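Peer 1: Keeping their order, the protein sequence lines are chains A and B. In this text, residue positions in the first sequence follow numbering that gives the first Met the number 0: the first is 0, and each later residue adds one. In this text, residue positions in the second sequence follow numbering that gives the first Met the number 0: the first is 0, and each later residue adds one.
FYI, nobody ran anything at the bench for these hints, they're computed from the structure. Bear in mind that the values here come from a model prediction, so they are computed numbers and not experimental data. Note that CB positions come from ideal geometry on N, CA and C, so glycine has one too. Among these hints, one or two may not hold up.
Capping the alpha-carbon separation at 30 Å, the derived lysine-lysine pairs in DSBU-like fashion look like this [said to hold, decoys possible]:
(1) B/K102 to B/K176
(2) B/K26 to B/K102
(3) A/K467 to B/K26
(4) B/K26 to B/K176
(5) B/K176 to A/K467
Stretch by stretch, here's where chain A covers chain B in the computed footprint (C-beta under 8 Å, at least three residues) [what the hints assert, rightly or not]:
(6) 26-36
(7) 61-75
(8) 174-183
(9) 196-204
(10) 209-217
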Amino acid sequence: MKNLCSFLLYITLCAGLQAAQLPVTLGSASTFTILAASTVTNTGPSVINGEVGVSPGTALVGFPPGSVTGGSLHAADGPASAAQGSLTSAYNDAAGRVVPAVVAGDLGGLTLAPGLYKSTSSLGITGVLRLDGQGDSNSVFIFQVASALTTASGSQVMLQGGARAANIFWQVGSSATLGTNSLFNGTIMAQASVSLLTGAALNGRALARTAAVTLDSNTIVNPGPPTVGIPPAPLTITCPLSSAQTGIAYNSVITATGGVPPYAFLITGLLPPGLSLSPITGTLSGTPTAAGTFTFVANVLDNTATSASSTCSIAISTPVIPPATPSLTCPANTAQAGVAYNSSIAATGGRPPYSFSITGSLPQGLSLNASTGAIAGSPTVAGSSIFTANVLDSTPVSSSIACTITTSAAESTGPPTPPGGGGTTPPGGGGTTPPSPVPAPSSLPLVLIGFACLALYHSRERARQFFKRS
Amino acid sequence: MFNQWVQDQDMAHGILVPLVIPWIVWKERSRWMNLPASPSAWGFAILAVAACVHFVSNAAAGLFAGSVAFVLSVAGVVLCLGGSAFLRTWSFPFLLMLFSLPKLAVVYNQATLPLQILASRLAAGMLLAGGAVVTREGNILDVGGHRIAVVEACSGVRYLLSLGFMAVVFAYLSDAKPWMRVALLAAAVPVAILANAIRVAVSASIPVLDSGTLHDFLGGLVFVLCLVMLVVVHRLFNTAYARYHD
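Turn these sequences into a full structure, and let the hints steer you where they fit.
Peer 2: Here's what the structure looks like:
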């Protein structure tokens, strides 16, 4: 309900747009960030960018711990006195502006267009008040507050649409108080005093005509002199990345600079298939689906209906995909001597047809079919054969895998192979050890041995017969 | 023939045959010195046959035929000069001459491979019976990774020829019965095959014995074992013969 009311008020205010206001002329007071009539009292490590002055009073208390950058302290000196004079003129200028839009109560939650606003009593800000410059960086906001201006803790005055703090003026009939940790934009010209509670940040000025300015651990930045009639920078547009690849996500931004944000983007012509444009952010994203060079016109429209365009092109190429490497699977790793073995080196992937080869040795009795990868035959020797199976596809891309075929002993010639290879595995693995021939001795020494034995035998027989006769 | 005895280790025992035959002939001198010479014309016929065989040998048949021609020539000469009585008296030395003949290639080539396989099988069986882990691939034995090949020279032919010769000589010296020579010659065949298998099995199971001097020593030792087995067989035959005649 509150949002609805705020929307209706915004419409009402926009519908009754007053004549555009000129900035309030601050004169010599524009360089003063803090200006008081009686005292400036600071607590905590406040940081103030710009001049700090008091006049006709002379008390500048709390510096340090407060610090001043880009200016100095002025205690009832000439600049401070002149600034007070300029403040009076400025205050009166702001208070004298006519045909205001009437506001009252709490401005929190509203979005206000540039113009003159008047509150006949006190005014508060709770939450967020948005000041929308509507694309005009020279837009001016002037608030006439009959009595006090009070912002709640944590409240914010946000700027958008080109609104600038230098062109926002708060004419306060009594005193202004900025809540703890609040954020405020604009120049406060208070009839009496200005108080910034702990942690409040002010992008503007705190100028008090008759009383004090009180600070507590604040950050205050002088926004500079009001701007009038400064044209925005020329609107330009930058093309997105000019290259992409099919099947690979593309994400680039059509960038706009200058002009008056926000921007609206649109494309004339055809985008590469698969890409789409976000008209708000200018992001061009998607996954291209077709190769080729696509030329289009990127257009941008800023908040003042100024447009810019640029002819862009994106070359979509087909990514070079490295050829897939065929993968290999070893053949069955067990065989038995004397038993038919039939297995294959299996290849997948790559580009068939394949050509197979072996580095090393297959078990004796097995052979490879180079076209199919089939390994067949009947192993003749027990043992393990370690070899490398190779495949070459038609790309040609090759791949290898280390394989082992362990051939167990034939069942008919020995007991089962004991663990660890037992006694049937030849040294060096795989039946490659040449067997040693075991020839019988020459028959001549055999017969000589035979005769020697025969002589011994008959000597023994004769001796036995001799002793028998004796 | 002499070259064959020198070059072929299967036939190296042949060099002893010309020494053994004269010794036997001399030992038998009492049987032939008083024989009357009665030359026979059949001797010329045998000489003619020997000449033909020798001719064929020179033409194509090879060394074996030539050696047979030589034996026939000697027989023909004995028949021509002394007659058939001398030939009968010297029949045993003549038979011993057969052990000096070169191997008949046709028979040798047919016999060696079966003998190799038989020796391999028997050796594998012996080792298997002894608890060894054996793999036999044809004529190759693998015992605990130690591989040996039962090649032609291991086939047992050497044992067979040598032991056959020794069996006949042993029978001649130890027994008066002529049939005993044939019986022991026949017994030498299985004994030689069995002994060769033992030799192969031992060589396969003890790697240090598969070559070199130790291997030759093993071969001699096994041959002695063959002779012992022959003696045992001889006694068995005699025992059986005695029981048969009792």
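Peer 1: Taking the hints in turn, state whether each one holds.
Peer 2: Against the structure, the hints:
1. B/K102 to B/K176: Holds - the C-alpha atoms of B/K176 and B/K102 are around 29 Å apart, at most 30 Å.
2. B/K26 to B/K102: holds (29 Å)
3. A/K467 to B/K26: holds (25 Å)
4. B/K26 to B/K176: holds (17 Å)
5. B/K176 to A/K467: holds (23 Å)
6. 26-36: With 0 residues in contact (Cβ-Cβ under 8 Å with chain A), the coverage given for the segment 26-36 of chain B is violated.
7. 61-75: violated (count 0)
8. 174-183: violated (count 0)
9. 196-204: Coverage by chain A holds for the segment 196-204 of chain B (4 residues, Cβ < 8 Å).
10. 209-217: With 4 residues in contact (Cβ-Cβ under 8 Å with chain A), the coverage given for the segment 209-217 of chain B holds.
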